[in-house]
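Put chain B on the given structure of chain A with help from the hints.
Here the protein sequences line up with chains A and B, keeping their order.
Counting from 1, position 290 in the first sequence corresponds to residue 290 in full-length UniProt numbering; the numbering is continuous, with no gaps.
Counting from 1, position 14 in the second sequence corresponds to residue 14 in full-length UniProt numbering; the numbering is continuous, with no gaps.
Take the hints with a grain of salt, since some may be wrong.
No copy is singled out in the list; a pair is fine if it fits within one copy or between any two copies.
[What the hints assert, rightly or not] Subject to a maximum C-alpha distance of 30 Å in a straight line, what follows is the list of computed BS3-like cross-link-like pairs (lysine-lysine):
no.: 1; residue 1: K284; residue 2: K182
no.: 2; residue 1: K11; residue 2: K234
no.: 3; residue 1: K154; residue 2: K182
no.: 4; residue 1: K182; residue 2: K292
no.: 5; residue 1: K384; residue 2: K154
no.: 6; residue 1: K284; residue 2: K93
no.: 7; residue 1: K182; residue 2: K11
no.: 8; residue 1: K351; residue 2: K11
no.: 9; residue 1: K213; residue 2: K384
no.: 10; residue 1: K182; residue 2: K262
no.: 11; residue 1: K205; residue 2: K292
no.: 12; residue 1: K132; residue 2: K147
no.: 13; residue 1: K292; residue 2: K262
no.: 14; residue 1: K104; residue 2: K427
no.: 15; residue 1: K31; residue 2: K336
no.: 16; residue 1: K31; residue 2: K351
It should be emphasised that the hints constitute simulated quantities derived from the structure, not laboratory data.
Protein chains: 2
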Amino acid sequence: MANTTESHPNKTIAVVGGGLGGALCACFFAKHGINVHLFELRPDIRNQKVVKGRSINMALSRRGRDALAYINCEDVIVRNGIPMRARMLHDLKCHTAAVPYGTKPEHEIISIDRRILNELLLDEACKYPEIKIHFQHKFVSWNPENKIATFQNKSGENVDFEVDALIGYDGCHSAVRAAMMKTDSVNFSQEFVESHYMEFCIPPKNGEFVMEKNYLHIWPRHDFMLIALPNQDKSFTTTLFLPLNIFQTLTTTDELLAFFQKYFPDAISFIGQEDLIETFFSSKPLPLVSIKCSPHVSTNGDILLMGDAAHSMVPFYAQGMNSAFEDALVLFDKLKQNNFQFSTAFFDYNKTRIHDVHAIVDLSMYNYREMSHLVTQTSFYWRKKVDNCLYRLIPNWWVPLYTMVTFTRIPYKQCLALRQRQDQVLKLFRLTGYSVAGLYLLQKLATFVIKPLAKTPIVQNILPRFAATK
Amino acid sequence: MANTTESHPNKTIAVVGGGLGGALCACFFAKHGINVHLFELRPDIRNQKVVKGRSINMALSRRGRDALAYINCEDVIVRNGIPMRARMLHDLKCHTAAVPYGTKPEHEIISIDRRILNELLLDEACKYPEIKIHFQHKFVSWNPENKIATFQNKSGENVDFEVDALIGYDGCHSAVRAAMMKTDSVNFSQEFVESHYMEFCIPPKNGEFVMEKNYLHIWPRHDFMLIALPNQDKSFTTTLFLPLNIFQTLTTTDELLAFFQKYFPDAISFIGQEDLIETFFSSKPLPLVSIKCSPHVSTNGDILLMGDAAHSMVPFYAQGMNSAFEDALVLFDKLKQNNFQFSTAFFDYNKTRIHDVHAIVDLSMYNYREMSHLVTQTSFYWRKKVDNCLYRLIPNWWVPLYTMVTFTRIPYKQCLALRQRQDQVLKLFRLTGYSVAGLYLLQKLATFVIKPLAKTPIVQNILPRFAATK
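Pulled out of the complex, with its shape left as it was, chain A reads as follows (with noise of 0.2 Å):
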């Protein structure tokens, strides 16, 4: 039986999606003694048939994992996934080279099966007697008069629950969202972009990765890229992103692979030319869609969006099933300071963690261009390298970007306004051209100058310090 910590008999949530946000959740709230009916419209995945190396990766980061740990759920989650500690680039020569995520060990994100860990968090989530999972159960409508939520069962029967709230963990086309928006006047945008993306699998030679394992592999190719990550079965799984108008442009063999051989030659026989052609003349490009809306709560402060639900996101920062989590985190932190008052604590969660969440939607389409088109260019190294080189020197004072997002807890609002803070000061760097010269003269400014002043008192409690929570 899993850790509770405290009691709330008298009150139970519905939450709206066994994925892996909703599994999550579940464990949250019966881990304060709150009874929970999860509701899941597919069957039990854990019963499901498996597709061999038809595996779709999370990359499991620093917000992800905190959120696990909550559940002490974070190593066992760990030990079933595989680190990658850099991405690795690809070019047109078949050159590879390593841009190392962060610059502490602990800096590495977690390549994991989305299959095995939503079946190992369902798993944690049955630990708990406060939770009843329904699986095949479709939201139908929530009355709040009387705070009912109506499902439809497998047989297609009405079922009634009552329940003092509503979670809508469930995915980016949100049942619960549809309903709420039906009701109140909720803000809403959807924008798909241009590239779609296709899905092919690396598998192991001679029962073994066939590139190097503890990496994301990244071919970046301006308008286009593919990447490529590792499973615990030594394939990796690969991921095409392609202007729709490029991809119908591919309508035979020849075409296809001319393609592949000018821009991903060395990807041709990691897939297998004949698996590659298969794969694509039978699968669909499938599009890829941002969305955000506002509140996240509705009028009566009974229904709360949560994940997908409340913003879905391009996939460029692998912050999707991160930021999911960590809106769990956030969300109890709101009900611990409002001793579980759930509509109080749910217009809090809204009013700060709205702008985060469109802040990370906004930052992953922003890194799409960044892995596509950045990466090849010299500017993207040198960034790179004055933003690791100010972190060494003044960590409490400067920390990248990527690493606020991926390896810190910092909010994301916060993070895209450090950036832009950060772009003020490399004005500087811009104005030597991105030179050695340039670099020397910023890490010289950085120790002789900022590094002593950010020691005096004066300047400590001016200037706003944001280290890592790790």
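Only chain B this time, still in chain A's reference frame:
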């Protein structure tokens, strides 16, 4: 029988929505000999009971009138409305001041009852043998494979219609748009404003209008405002626009009357104290929303969204209906250019029209600030004076934004771009502190520099000309 100009007996179109735009558009198709199925969710409005004093008014201007003229309905509809030649501003001391809409006699807007307009358009549609109207038919689905549109009739049965294409003119909650968003990647945003609205009636007194007839009356109060439009029954449809949080502070009769006494003293006696109280406490403040989506055409080119289904706007430029009507004019330009090939014309329409309707959605939001806030400032008067003065002097070179939007058919996006150019020029004027001296200088500049220069062939060739269509 209405006048049909040509014949396309093999073509059939489904128009969803028998409101203003849908009824008009059906006539456009029929005029070109195309068969039309026109579907409306509600029963025939012409058989419904008239609720006295509960009218909603539309403000018809150039774009709308040109569309009505296309189906020979302009005159009959204008005769059923009341022309408004100026804004009549009411200040806190009950003083009034008129600010004309334009400089020419034809610069008037027609105030017309929504219901009367809809009835006239349905009557017109009934004259064409090409049009079949289906009331109480709810759009269910569109099958692009066999081009079958399915509707649920009032008995609850599904009925199929085989057509060449589907037009969604079904308003801001469009069912056609919702269906298209399920299959296609449609960018979409909806944004509510803090202001909500509530409608009152200023009845006639002794059989006469209680205020000057040919004006749009405005009580601008920065964060909120009251407006009143004349009706042929000598009443005024009166609308209060107020932030929701202020609505919520008015919970008692005393609070309501004190609020009106302070901000709209003359309006209390116009509406009548008892009616004011009765209406206020029996009505719910209604929200205002801006909606944009992109594209307006389906991937297959077989569905087109028009009017509010494609672009809903806050009502502050009175261009919601006018832009919805102009959509039909633009579509038929494209249809004629493409020899009535629906999909090609739809794609063509989407390419240009989308930017124009996004511009008017934005301009409507901008005009909210102008109507409620700017009209109370001296700079607003001066801007209008300068605008009109320059317009008189160099009418081909300087058309005020309001005039362009309301009294010409200059594409909305171009209106916005021209205004931005004008703003640059007006910085000159602003530098002199909006003074009479500044106005004098600008006038002289126009008379002795711009006007003669404008007549030289070189300048005429270099600079674009923006003459109004009428």
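We went through each hint and held it up to the structure:
1. K284 <-> K182: Intra 32 Å, inter 16 Å, cutoff 30 Å: inter-copy only.
2. K11 <-> K234: Answer is neither; intra-copy 45 Å and inter-copy 59 Å both fail.
3. K154 <-> K182: both (25 Å within a copy, 23 Å between copies)
4. K182 <-> K292: Answer is both: 17 Å inside a copy and 18 Å across each meet the 30 Å cutoff.
5. K384 <-> K154: neither (52 Å within a copy, 65 Å between copies)
6. K284 <-> K93: Within one copy only: 29 Å inside, 67 Å across.
7. K182 <-> K11: within (27 Å within a copy, 37 Å between copies)
8. K351 <-> K11: within (24 Å within a copy, 54 Å between copies)
9. K213 <-> K384: This pair counts as within: shortest intra-copy Cα distance 23 Å, inter-copy 69 Å.
10. K182 <-> K262: neither (50 Å within a copy, 36 Å between copies)
11. K205 <-> K292: Cα proximity of K205 and K292: none, with 42 Å in one copy and 51 Å across.
12. K132 <-> K147: within (18 Å within a copy, 46 Å between copies)
13. K292 <-> K262: neither (37 Å within a copy, 40 Å between copies)
14. K104 <-> K427: Answer is within; shortest intra-copy Cα gap is 27 Å, inter-copy 54 Å.
15. K31 <-> K336: Within one copy only: 13 Å inside a chain, 67 Å across chains, cut-off 30 Å.
16. K31 <-> K351: within (25 Å within a copy, 54 Å between copies)
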